[in-house]
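Engineer: Okay, here's what each chain looks like letter by letter:
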Amino acid sequence: AQSVSQHNHHVILSEAASLELGCNYSYGGTVNLFWYVQYPGQHLQLLLKYFSGDPLVKGIKGFEAEFIKSKFSFNLRKPSVQWSDTAEYFCAVNAYYGGATNKLIFGTGTLLAVQP
Amino acid sequence: DGGITQSPKYLFRKEGQNVTLSCEQNLNHDAMYWYRQDPGQGLRLIYYSQIVNDFQKGDIAEGYSVSREKKESFPLTVTSAQKNPTAFYLCASSIGDRGAGDTQYFGPGTRLTVL
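Chain order of the listed sequences is L and S.
With the first sequence counted from 1, adding 5 to any position gets you the working numbering.
Just so you know, the working numbering puts 1 at position 20 of the second sequence, and the rest follows in order with no gaps.
Next comes chain L alone, as it looks inside the complex (with noise of 0.2 Å):
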């Protein structure tokens, strides 16, 4: 079965530090891939995704991904956090078979604290 591996479950950062978290997948085959965060209080927002071409993905507010196919991973890295940035973030893989479905498959999310 198709998992999803977030292996940081809480990151406490200083402002302006870099961020990176991690997410690995476990499917060989096609793989949409997405990080989506929770703010508090907000609902669940897409901050980005791949789906084909270039495997270095820019979203908003500053965030980026990167998919190394080979190491099966999908990481979202920002050079410079914010306050604002305290959030749940999700990894999220959508795999096909055979273009039967749709379903995400989440990782159990990373609790971001920044401080000021």
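If you are wondering where the hints come from, they were derived from the structure by calculation, not from laboratory data.
Just so it is clear, CB atoms sit at the ideal spot from N, CA and C, and this is done for glycine as well.
One or more hints might be untrue.
Derived DSS-like pairs: lysine-lysine, alpha-carbon spacing no greater than 27 Å straight-line [claimed, not checked]:
id, chain 1, residue 1, chain 2, residue 2
1, S, Lys64, S, Lys38
2, S, Lys38, L, Lys108
3, S, Lys64, L, Lys54
4, L, Lys108, S, Lys64
5, S, Lys(-5), S, Lys52
So these bits of chain S aren't anywhere near chain L, every CB distance computed over 12 Å [what the hints assert, rightly or not]:
id, residue
6, Arg(-6)
7, Gln18
8, Gly21
9, Glu43
10, Ser46
11, Ser48
12, Ala62
13, Asp83
14, Gln85
15, Leu96
What follows is a list of derived Cβ distance ranges for each label pair [unchecked claim]:
id, chain 1, residue 1, chain 2, residue 2, range
16, S, Ser61, L, Ile73, 29 to 37 Å
17, S, Ile41, L, Leu51, 17 to 25 Å
18, L, Gln87, S, Ala62, 29 to 37 Å
19, L, Leu116, S, Lys64, 25 to 33 Å
Please arrange chain S on chain L, whose structure you already have, making use of the hints.
Structural biologist: Showing chain S alone in chain L's frame:
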């Protein structure tokens, strides 16, 4: 203003009662989904529907039921058979294009508490 609405925001229920959570979208999306979110477990898929009058079980469908009579609406019923129903429930929708990739958009969620 396009989007996904879920109601109510908070819901309390006594043990043994069925309860229905509402999800409506005006994005003209074909596909709709229900997830539950529990602390430390991420989101888990309960049911999904690729098209009107059709739906499939997700990974944790036991104790839940759905209907998809209209494109815009995908209500979820939490039945008394669901052993641990207290959770945050999220509804999502997507265009439903399976060939070129698809992005799911989420509603604000309903927090269900069973007393």
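Engineer: Checked against the structure, which of the hints given earlier come out wrong?
Structural biologist: Result: hints 3, 5, 7, 8, 13, 14, 16 and 18 break, sorted rising.
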